[in-house]
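**Student:** Sequence:
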Amino acid sequence: MSYLLSALFILFAFVSVEAQAVKITVKPNSIYIEKTSAAQNLNFDFILENTTNENLSLSEVEVSVFDSKGKLVLRKFIDGNGVRPSIMTVPNRELEPNKSLLVFNPFYSFASDAELSRMLYKFTFETKDRKKQFVSETAVSPVFYQTKTNLILPVKGRSIIYDGHDFYSHHRRFDYMFAPIAAFGFSTNFMRYSYDFVPANEAGEMFQGDEKNNVSYFGFGANLYAAGDGKIVSVVDDKPDNRSFDESQLTTNRMVLWGNYIVIDHLNGEYSLYGHIKQKSAKVKIGDTVKQNQIIAQMGASGSSKFPHLHYELQNGADTDAEGLPSYFRNFQRILGAKTQFVKLGQIDSGDIVQR
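For the record, in the sequence shown the residue sitting at position 349 is 349 according to this note's numbering, with numbers rising by one throughout.
None of these hints come from the bench; they were simulated from the model. Don't take every hint at face value.
The following label-pair restraints were derived from C-beta to C-beta distances [as the list claims (entries may be wrong)]:
#: 1; residue 1: Ser248; residue 2: Glu94; range: 27 to 37 Å
#: 2; residue 1: Ile24; residue 2: Asp321; range: 21 to 31 Å
#: 3; residue 1: Ser57; residue 2: Lys212; range: 37 to 47 Å
All figures in this text were calculated on a predicted structure; none of them were measured in a lab. Glycine is no exception: its CB is placed at the ideal position from the N, C-alpha and C atoms.
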């Protein structure tokens, strides 16, 4: 009997060590469900920390979804099975000893009627020779975020959401654990729920003429409006509209990414950030109170801007240390080819054509 107990103790000790071989941290702290007309989207990350002295490779990720009664709703996984295995959709899977890796949540969209009370994630890792395997688990309980601020689209007329925050957007795929990015002090994805508004004509064209010339874009100089009531807490509008910024300044001021920008504090824990505004176009100053639909600036191409557009996001703070928040807009039109759909309250994302 003593031999059996000793064996069980050794086995238990082995499993405990194995289970902690890779530490999992979920970011951000609050996991939100973003509701669309057809789905529920989840936008969060995993930081995987290899606490061993071995090189490990992520070989499988599994999620089990449970309802409020603890009953299994569904189970999904990505692994190494098949000719072009699904695990390859996670581009960085190699974990060096005592190093960390960021993985975007690979299960990002669920049916609108699925109950997502608790989600258990299981990560499986292997050594290079595949002789050892490690399993780590973590659970999340996402909640629906109800936007507190009464928001309208910050741009009038027809715009295409050139890039939003869907799984494939550059806003979503901001790897703040990537060494060159982390070196500047970035520690979270402040762009997690961002939008790039680009005015377009009925054919979807964003410019006419030389695309290198800002004035060729329909949106350059277009008025920008306060999406909701609030107080101005940040204004910068002295940067040129040259589609660039000085990277060396990132170590002391990460907001230089936006070039010229305005931040509105909605006085309820939510902030609206307007990035890449036109030089010398700000109509407000710090401390001003603004009302919804008030003109605050013009669309430009300052900072890290590919071309003239408005970078807009709702977040829980005024700078790049903030976390993004889901935003729902009121009373706009969604353009669906020859049809137009009026939206009383809804979400927008990459590729959508909208107007107000």
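**Student:** For every hint, state whether the structure bears it out.
**Tutor:** Now the hints, each set against the structure:
1. In this structure the hint that serine 248 and glutamate 94 lie 27 to 37 Å apart at CB holds, the actual value being about 31 Å.
2. Taken as a hint, the range 21 to 31 Å holds for the pair isoleucine 24 and aspartate 321, whose Cβ atoms sit roughly 23 Å apart.
3. Between serine 57 and lysine 212 the Cβ separation comes to about 43 Å, which falls inside the hinted range of 37 to 47 Å.
Violated hints are absent here; each numbered hint is respected by the structure.
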